[in-house]
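Asks: Read off the chains here:
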Amino acid sequence: MSRPDWFVLALTLLVMIAYGLYKGRATKDLEGYFLSNRAVPWYMVLLGIMGTQASAVTFLSAPGQAYTDGMRFVQYYFGLPLAMVVLCISFVPVFHRLKVFTAYEYLEQRFDGKTRTLTSFLFLLQRGLSTGISISAPSIILSSLLGWNIVWTNIFMGGLLIIYTVTGGAKAVAYTQQLQMIIIFSGMTIAAYIVVHRLPAGVGLSEILHMGGKAGKLNIITTGFENKGKGFDWNDKYNLLSGTIGGFFLALSYFGTDQSQVGRYLTARSLSESRLGLLLNGLVKVPMQFLILLIGVMVFAFYKYNPEPIFFNKSQITVLEHSKYKDSLAIVTAQYNALEQRRLGGDPVGDGKEVYKATVRRWLDNIGGDSNDTNYIFLRFVTDYLPKGLVGLLIAVIFLAAWGSISATLNSLSSCTIIDFHKRFSKGVSVSREYRLSRLYTFFWGAFCVAVAQLAYNLGNSLIEAVNVLGSLFYGVILGIFLVAFYRKRVGGQAVFVSAVIIEIGVVVLGVLIQKKVVGLSFLWLNVIGAAGVVLLSELLNPFLCKRVPSSPQRPG
Amino acid sequence: MDEERVPLFKKWSYWYALVIGFLAVCIALFYLLTKHFA
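Protein sequences appear in the order of chains A and B. Residues 1 to 557 in my numbering are what the first sequence spells out, letter by letter. Residues 1001 to 1038 in my numbering are what the second sequence spells out, letter by letter.
In short, the hints are calculated from the structure, not lab data. Just so we're clear, the structure is a prediction, and the values are computed from it rather than from any experiment. The beta-carbon is built from N, C-alpha and C at its ideal position, and this holds for glycine as well. Some hints could be false.
[Claimed, not checked] Which bits of chain B does chain A cover? Going by a derived footprint, with three or more residues having C-beta under 8 Å, they are: (1) 1006-1015; (2) 1021-1031.
[What the hints assert, rightly or not] Derived CB-CB ranges, DEER-like: (3) Tyr1014/B with Ser430/A: 41 to 51 Å; (4) Ile1020/B with Phe232/A: 20 to 30 Å; (5) Val1025/B with Glu207/A: 24 to 34 Å; (6) Glu31/A with Ala1028/B: 39 to 49 Å; (7) Glu207/A with Ile1020/B: 33 to 43 Å; (8) Lys1035/B with Asp112/A: 50 to 60 Å; (9) Lys1010/B with Lys214/A: 23 to 33 Å; (10) Thr223/A with Ile1020/B: 13 to 23 Å; (11) Phe232/A with Tyr1014/B: 47 to 57 Å.
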């Protein structure tokens, strides 16, 4: 990176920390620290919800995903608006009426203490680990592409935000997310403009869409029945059915039972503002994701007129240059470059370049390297073609996207630790001590997540893939518990607790079988299986385990 | 009460219909785009 890029990057990050510290001051009790005194307006709730969901990988991977696999990834979000409606009808009014700090508090009132403890524990376990991965994933990409030290990249990616999150709590999180989202959208818009601007004269959006369509990149709607005669493809993650049904359960679980999201809309100053934030998220999420994917198609069109690298991840090429394939790589690269020059000169070259690309991928597989360069496509374009200063801004966008998501999660991990565990099991804690402990727990979870990020890097990609599916292993069961709580009023705590433990074990076993390719099923369906399993099994067990019919939840004293 | 004040519309159910309807329109447009540029 050039000096102007470093300057823009450092300035953006410093401004963000200073803004967080400034906006988060004067927060001295739990209500202020975790819920911003329930005074946040709807537009900040909206930006908070969006900023928490969109991690750095969202902006790195999605354009690359469209470049390689087409735009069908957008279907993954079709269940989200439906989930927003269900949340506004069922979940949000209850959380607001009971004035809970965490979603799991409600479960103690509806069922019992152990169900609350189990659910909160499952959340802390999967969120703590997956947040470490959400630090690690963009750090690996940046360190690979820019040659940065991975330890320092992890610390900058997951550590600097701790400064304002520990000090300012939910208020600092809300205000910084607002600014982060503005910078992120500006950066992505500028990147999209530059892609189109650098295309030859006469090539506009219509030509881009035609090019993308011809190459199969505009496969926005797929049914899962594309392989004729083979029926529905249960392995396919992104189609209309799995995106709508699986995506609905995933979104319902994530936004309704994950404290990192529940904590955002509980900060709203009224039930109406919570609902408005969620419903507007339901309106804008699908078009927003469509536009991010469209950037990937634009980059695809850009490389039709410009030389495309044989492999987008530079660091893996360096690895090959130091392997037994060193000489072969030099020959293949020279032949590939010559072919690219002929293609750009107008000669028809057919699938020739794909053969060279596949060869490089095969060599990387043979030496245990990373043969998937999807996550590197967009950032490689940014570093190779964006003007000085803007590269720094786009790198800052990656950091800010990570910070927005991680800071909200640290705040929620801390709130669950103190509200669902510390306060319940150690009585008589003063308000000032509660506040100090909350800051301490926020710091602890921040350090824990950075440590997990470091561990994930050391253990390689397999762990990253495994931990990335953690959400699907736990979300379904947690959602099942909440669905029983809201919709099956006859079912008691003992039945739901036993069902949740049994189904959780079953889902983890099924997840392992899927990972080992014994069972052919997309991970998205685990959310449906987990939720439906808890609801059905608790209904079956309830007559045998129910001691009393629980009453409607009351407001805590 | 503030909780009962619905912005823009008379009832929240209109908001729900808007969100679901907008999703349906998006899916229809995406389908047309897919078919047109295939």
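Asks: Against each hint, give a clear statement of whether it holds in the structure.
Replies: Results for each hint:
A count of 4 residues in the segment 1006-1015 of chain B with a Cβ less than 8 Å from any Cβ of chain A is obtained; the coverage claim is therefore met, three being the minimum. Figure legend: the segment 1021-1031 of chain B, annotated as covered by chain A; annotation consistent (6 residues with Cβ-Cβ distances under 8 Å, at least 3 required). Range check, tyrosine 1014/B to serine 430/A: Cβ separation about 47 Å, and the 41 to 51 Å hint holds. In this structure, isoleucine 1020/B and phenylalanine 232/A meet the distance hint of 20 to 30 Å, their C-beta atoms being roughly 24 Å apart.
Between valine 1025/B and glutamate 207/A the Cβ separation comes to about 26 Å, which falls inside the hinted range of 24 to 34 Å. The hint said 39 to 49 Å for the Cβ distance between glutamate 31/A and alanine 1028/B, and at roughly 45 Å that hint holds. Take glutamate 207/A and isoleucine 1020/B: their Cβ atoms lie about 34 Å apart, and the range 33 to 43 Å holds. Checked against the given bound of 50 to 60 Å, the beta carbons of lysine 1035/B and aspartate 112/A, roughly 53 Å apart, stay inside it.
The given range of 23 to 33 Å is broken by lysine 1010/B and lysine 214/A, whose C-beta atoms sit roughly 48 Å from each other. At about 21 Å, the CB distance of threonine 223/A to isoleucine 1020/B agrees with the hint of 13 to 23 Å. Taking the beta carbon of each, phenylalanine 232/A and tyrosine 1014/B are about 35 Å apart, not inside 47 to 57 Å as hinted.
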